[in-house]
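Asker: Single-letter residue listing:
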Amino acid sequence: MRKSFFFLGLVIILLVLPLIIRDPFYVDIMIMGAFNCIIALTWRSIMQLGQFSFGHAAFVGIGGYASALMVMKLGLSFWVSLPVSGVITAILALMIGLPTLRLKGMFFSITTWSFNEITRAIYVIFKKPFGGSTGIYGIPAPDPINFLGLFEIRFATKTEFCYLIFILFLTTYIVLRRIEQSRIGMNFDAIRVDDDLAESVGINLMEYKCLGFAVACFFAGVAGSFYAHYISFISPNSFEMALSVNAIVYAMVGGIGSVLGPIVGASILTVIPIFLHSAGFFKMIFYALFLLLILLFLPEGLISIPVRVQKIRQQFRIK
Amino acid sequence: MLLLETKKLTKQFGGLTAVNSLELQINQGEIVGLIGPNGAGKTTVFNLITGFFLPSNGTILLSGERVEGLRPHNIAQKGCTRTFQPTKLFSGYSVIRNVLMAQHLYSRIHFWDPFVPSRSLRDRENLLLKEVESILDLVGISEQRNEQAQDLPHGHQQALGIAIALATHPKLLLLDEPATGMNPEESFIMMERIRKIANTGITIVIIEHDMKVIMNLCSRIIAINYGKKIAEGTPKQIRENPEVIQAYLGKNDVSA
Chain W
5 MRKSFFFLGL VIILLVLPLI IRDPFYVDIM IMGAFNCIIA LTWRSIMQLG QFSFGHAAFV
65 GIGGYASALM VMKLGLSFWV SLPVSGVITA ILALMIGLPT LRLKGMFFSI TTWSFNEITR
125 AIYVIFKKPF GGSTGIYGIP APDPINFLGL FEIRFATKTE FCYLIFILFL TTYIVLRRIE
185 QSRIGMNFDA IRVDDDLAES VGINLMEYKC LGFAVACFFA GVAGSFYAHY ISFISPNSFE
245 MALSVNAIVY AMVGGIGSVL GPIVGASILT VIPIFLHSAG FFKMIFYALF LLLILLFLPE
305 GLISIPVRVQ KIRQQFRIK
Chain V
4 MLLLETKKLT KQFGGLTAVN SLELQINQGE IVGLIGPNGA GKTTVFNLIT GFFLPSNGTI
64 LLSGERVEGL RPHNIAQKGC TRTFQPTKLF SGYSVIRNVL MAQHLYSRIH FWDPFVPSRS
124 LRDRENLLLK EVESILDLVG ISEQRNEQAQ DLPHGHQQAL GIAIALATHP KLLLLDEPAT
184 GMNPEESFIM MERIRKIANT GITIVIIEHD MKVIMNLCSR IIAINYGKKI AEGTPKQIRE
244 NPEVIQAYLG KNDVSA
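These protein sequence lines are chains W and V, in that order.
Per the numbering used here, the very first residue in the first sequence carries number 5; after that it's consecutive.
Per the numbering used here, the very first residue in the second sequence carries number 4; after that it's consecutive.
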């Protein structure tokens, strides 16, 4: 009950926010915030399989490049290329996942990181479709949507983009949360906690790891597709390791114990740098200090604050 | 009826032969003990049967079907589950949740389940939950159902380990030292528990160092040393077997 209230609140906030905030600067922040939420959410759902991915940017990049090329070279509509680029990303993720998801701990991190660098090298080397190190620019905005000739949504201002990414974010959130709360999510938990035991009770490790990985990468690819058409310019540098690290930091700061964690983390860490803007040179120092303090004193992330407060209260009551 | 049979089962780790041409026959409904000194290769035998290790040589037949080379999850599907030593649990989750997580084989998951909530799905979940209750009753930890697995006392953790294995509806249950580190009272409870499980028709193979448990429970005992079978027979026969005594106590030096 409380959860559905929360969800309703989230939907209302997401609906109303773009109506109130019209300043393009702040709309841009909301868009990037929602984009970061998707990145952090999908990274966390790979983490739920017990796999620490260090190359999440690769999948965002594949989605972005696939979508840009499909629209610009094949002349497909954005509304086709958006889901298809997600599917392409998921297929490539399966191809990389089949050999590497058997690896545990750091070894998986290293291979995914290498995969990220390999994709970037491919974009640079093969100038023909990928545009080399200068990347692809002039990626068109999504085609207008016509509702039975009644009214038309044209992607002329950032507000339309804002609604689009909010819808993508909500879809990602609902799908990942429903999976997590189902028997499938239960199997993910089992695999993460003890893969030997999970295997001994009949859970096919590779089947479930591949499933979880492909679903997460599908949404990462969709987010990448949105990114390409929103910024209208992508290059190998758009999808470097910093993006993967950001995804990890957002999820870790928010807390990976719940689906809410990455959302809280990504939203706050997207907004904080703006307030720090006046600090100028010291911006990064404050940002780093903030991260350090959270990792030191709230290792389970920002979402663990209510539980902590309750615990402290209980202790006082007992005394 | 023969449930499990191994023929010339061999496992080599580099130059070391952990299991050497082992021939096992386990009949339906038996409780068989597998004993041997430390490092005799008992747990390796379990790892080979359940597919965690690939045998270097030999065959494993489960209900007449060759299973060597299959992955552990396939073998669980064919009706053979094991417990681990030290006990493995899904720590961080409640006792009930632990058993629920182990029900995978009987939960009949479809990938669309998360998105199509249906009445039959809810009924199925209720049925599975009832089954968890009955398993917890069987192993005697239904009072601890809401406790966190890692907070349970040692004896109850062992019981939960068995409950997890039972959730897969095994025909053959391999218990790896179920009574280890228990006081006499606890190991008595464990014996009762194993007897109750055997009464439900499940065939059990036990590795155990506590001879009291083995001698009381097992109808047949197989003793191995250096990966080779050195004796097989009733508890009485094993107790009097000179080779077993020698393996456990060393050579009887008469001149001393």
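Calculated directly from the structure, the hints in this document are not laboratory data.
The beta-carbon is built from N, C-alpha and C at its ideal position, and this holds for glycine as well.
Don't take every hint at face value.
[What the hints assert, rightly or not] Label-pair restraints from in silico Cβ distances:
#1 V:H172 / W:G261: 45 to 53 Å
#2 W:D200 / V:Q151: 19 to 27 Å
#3 W:D32 / V:H172: 52 to 60 Å
#4 V:G204 / W:L297: 52 to 60 Å
#5 V:T62 / W:P133: 50 to 58 Å
#6 W:A125 / V:S94: 37 to 45 Å
Asker: At the C-beta level, are D200 of chain W and Q151 of chain V separated by a distance inside 19 to 27 Å?
Answerer: holds (20 Å)
Asker: G204 of chain V and L297 of chain W, beta-carbon distance inside 52 to 60 Å?
Answerer: holds (59 Å)
Asker: Starting from the hint 45 to 53 Å, judge whether the C-beta atoms of H172 of chain V and G261 of chain W obey it.
Answerer: Check failed, 32 Å falls outside 45 to 53 Å.
Asker: Can the suggested window of 37 to 45 Å be confirmed for the beta-carbon pair A125 of chain W and S94 of chain V?
Answerer: At roughly 42 Å between Cβ atoms, S94 of chain V and A125 of chain W fall inside 37 to 45 Å, so the hint holds.
Asker: Per the hint of 50 to 58 Å, is the separation of the Cβ atoms of T62 of chain V and P133 of chain W within bounds?
Answerer: holds (53 Å)
Asker: Tell me if the beta carbons of D32 of chain W and H172 of chain V are separated by a distance inside 52 to 60 Å.
Answerer: The hint (52 to 60 Å, Cβ to Cβ) holds, given that D32 of chain W and H172 of chain V are roughly 56 Å apart.
Violated hint for the displayed structure: number 1, the only one.
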